[in-house]
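Trainee: Here the protein sequences come in this chain order: A and B. Number 99 marks the last residue of the first sequence (our numbering); no jumps. Number 496 marks the last residue of the second sequence (our numbering); no jumps.
No false leads were slipped in.
Going by beta-carbon spacing under 10 Å, a handful of chain A positions derived as facing chain B: (1) LYS4; (2) ARG7; (3) LEU9.
Far from chain A, by Cβ distances over 10 Å, these chain B residues were calculated: (4) VAL105; (5) ALA186; (6) PRO213; (7) GLN240; (8) LYS282; (9) LEU300; (10) THR374; (11) GLU387; (12) PRO399; (13) TYR440; (14) ARG461; (15) ALA470; (16) LEU491.
Rather than coming from a laboratory, the hints here were simulated on the basis of the structure. All residues carry an ideal CB built from backbone N, CA and C; glycine is no exception.
If you want the building blocks of each chain, they are given just below.
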Amino acid sequence: MSLKNWRKLTIGGVNLEPGSALKNITASFRSGKKPVFNPDNCTNCFFCWVFCPENAIIVDREKITGINYDYCKGCGICENECPVEKEKPITMEDEPVEY
Amino acid sequence: MPAIEVLNGNSAAAEAVRQVNPDVAAVYPMIPASEITEKIASLAADGQIDTEILTVESEHSAMSSCIGASSAGGRVFTAAAARGLAAEHETLFIASSLRLPIVSAVVNGALSAPLNQNTDHSDSMAERDCGWIQIYSENPQEAYDNIIQAYKIAEHMEVRVPVMVALDGFVTSHSAENTIIEKGDEVAEFVGKFEPLYSLLDTDNPKTIGSGTGPDYYFEHKRNQLQGMINSRKIIKEVGKEFGDRFGRYYGFFESYKLDDAEFALLLMSSSCGTAKEAIDRLRSRGEKVGLLKLRVFRPFPVQELKETLAGLKALAVLDRVLTPGSVGGPVFNEIRCALYDLEKRPRIFPYVYGLGGRDIRMEHFEEIFADMREGQTKTAETGAAVRFINLREEDG
Ligand code: SF4
Ligand code: SF4
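If we strip away everything but chain B, and leave its shape as in the complex, we get (with noise of 0.2 Å):
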């Protein structure tokens, strides 16, 4: 029988790295990914789990242990926030480049400055053509489930990916909710054991891992090293079906929430989509018809999925947590905006801003948006494509 603890977010992924058992995990505390780390050290020291626990001095220092680890044949695990995803910039490239199934959770925090701890999505984003995986938690169930499949995506023989499990900061990392813990063989058998493509320690097979090339071979190495997040596509469905199958609880590119007979619709990721939900249940008791899309899978992004599910709206509105100066809307914006351009009747799209810092966005917010979009639709024909922000001070108050 799983168990129902009562979790949260940090927790419910320390749970799912206690079950899948890597070989090594790097770790670096940074708020609010440390109580991660902490507890896995801890599990380590109490001989739970088999992993070997490097204690870096940076982020940078974290993944590229991760990368040295990973190439010797082990599975790992790390977990980093923010900042330090930031200082892993360079290092991801090489992780995802040398095809390295690392899965890393990333508890999502704001960038300074000003200094922030809070939620929002400017650490993994800035980091979304890195190469690697992006698969976004809504809750502590989800950020538990998201680590197990992640193993099984990321090292599948296709793949051989990096994975980035997100969670927001505090929101998700820091509340608690019931979660249902699944059995640890269960989870193990699912997971499967780790075969490495390449190991380093095969000293049978000697080989070099990393080594470099010039003009004449770069551009060929970069193209077949996309062809791993190509077939991903394939393997993150298989795997959410299988996952759904063996527990329960099924899980795609996204959840798509009443939206089959939506006229208006908000596209967003994570913990925010729980009170878009609620928003969504009170207009649809006045009989308005909108819906959402959860997106779950950010990269690789879901084109055709979407394309097939959001084709009959009449406007979307697309919610990015990140700012991007000088852009045209944010980066979920962009991609949903590019994706339906080829479609012959495509709903008017409409970028949003939200929660910076961890801004609260509130079920009234989400009225708004709706009311926004029902009118905007000329609104925006007028202005251009202007970002919106939700629950910005223009005003003192």
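Chain A on its own, in the form it takes in the complex (with noise of 0.2 Å):
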């Protein structure tokens, strides 16, 4: 990703470009660990759903179908809200950190 220097930016740091949020990659604070989905154990309780903090559980026709990497900024909610006891379909695992 390129950055702008500072004579690119408009006045006053207005933003003209309406929606341009979406283009925001929070992720990139992600540091350590990522949540990685497993669909084998899932009973699709939405747990994990209901209580990451980024609405970064992806749903596909009433199915957690796995996680969104360009939002999810690691905190490990969802696992520790999984209530399957055994094999959860949701672990944290290492990653390696970008700078």
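Hey, can you piece these two chains together into the complex? The hints should help.
Mentor: Below, the structure written as structure tokens:
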């Protein structure tokens, strides 16, 4: 991603592009761990979906299908809230940190 | 023909606002600026201006409303004083970093405690780094002239920086003097029509004002903001000249009074400069080579111009009307000494503090400072840059 120099910014930092927040990939600050989803043991209780603070749990046709890594911040709440006791469908795994 | 009216500083400021006719004025009364807001509210109620008056519940709200109104695309005015300006603190930064060309009169007053409603520069000096242009006025005429110029400076497309026009509380705000009020249509023509840069009410072009950013962009935004202040140096000079060409009263970053051949000089701002000029006249009549530099624009600080003007002096006394505990002298002193440091040959520069909470400074005090400077050149070298207080009781009196 290329970053603009200061001369290219608008006066007062006004944002002239409606909806451009979608381009802001907030996951850049996820550091060290990311959730990995395995559908095998998932009961589709939707706890992870309810609790995820970033709305990063992907749902397709009333089923959890994965994690949106563009917005997942790696907080681990999904793993923590998942009620499956053994072989959890969501586990936090190491992820190399890029700077 | 311009009219000559007997006006105090607050009325003169309100006259300028009447002629500039802003779209919105957010008002909250605070002594000694209340009269400005009352007069503007009356003018609006009488239909003499088109200004929408927002009566808000604090100065924080007043500046917040100004930010909203200016973002919406309006020309905006407010007036603040002392504690009220302190209440605006956070919002002043927002106004300047959003590059909103708001103009505020600041009627200088002391900050508590003890509670004191008289003048000093504690309030505006505490806001010296908030990104606003600061212009100081000696008398009602200058308050009027400066507010008119402030709109033209702030609204210039290369600037877009808010401007504070300061005048001393009571001494200027409540003391009436002959004041030339120019013809309304001439002033309106001089200031011109306001063109918003980005208007929120322009719904064909939706935009976001005041969004957030992380460490990856904040610094670049601040550098971008700085450019407006840098550009204002040129525009302040141009506007001061244009004002003079049209109305006969020329303005620059400062006024030099009998400085050409001066060996010793004073440097201060606002109303006390009138007294200083009288003192200098008296000393000049006794053959002493003394002068005054009346600083008008404190932000942006006119480094280059001051260097050129002050280089030839033997000594310079810088008078701050604010106490900055723990610092090396007051803010004006600090800036001046810093500005002149690079000169190969520079005057000795002495820090003074005067006039806190409305304490008087009289002719004899200025004479004492000159005497002090003449012999003090060695004294101060021994004692370091200790600030000297003028007209402070060291003994019971
Ligand atoms: S780690 Fe946090 S942000 Fe990422 S999917 Fe789980 S709950 Fe959402
Ligand atoms: S909380 Fe666990 S079981 Fe429930 S939907 Fe999410 S991953 Fe599946």
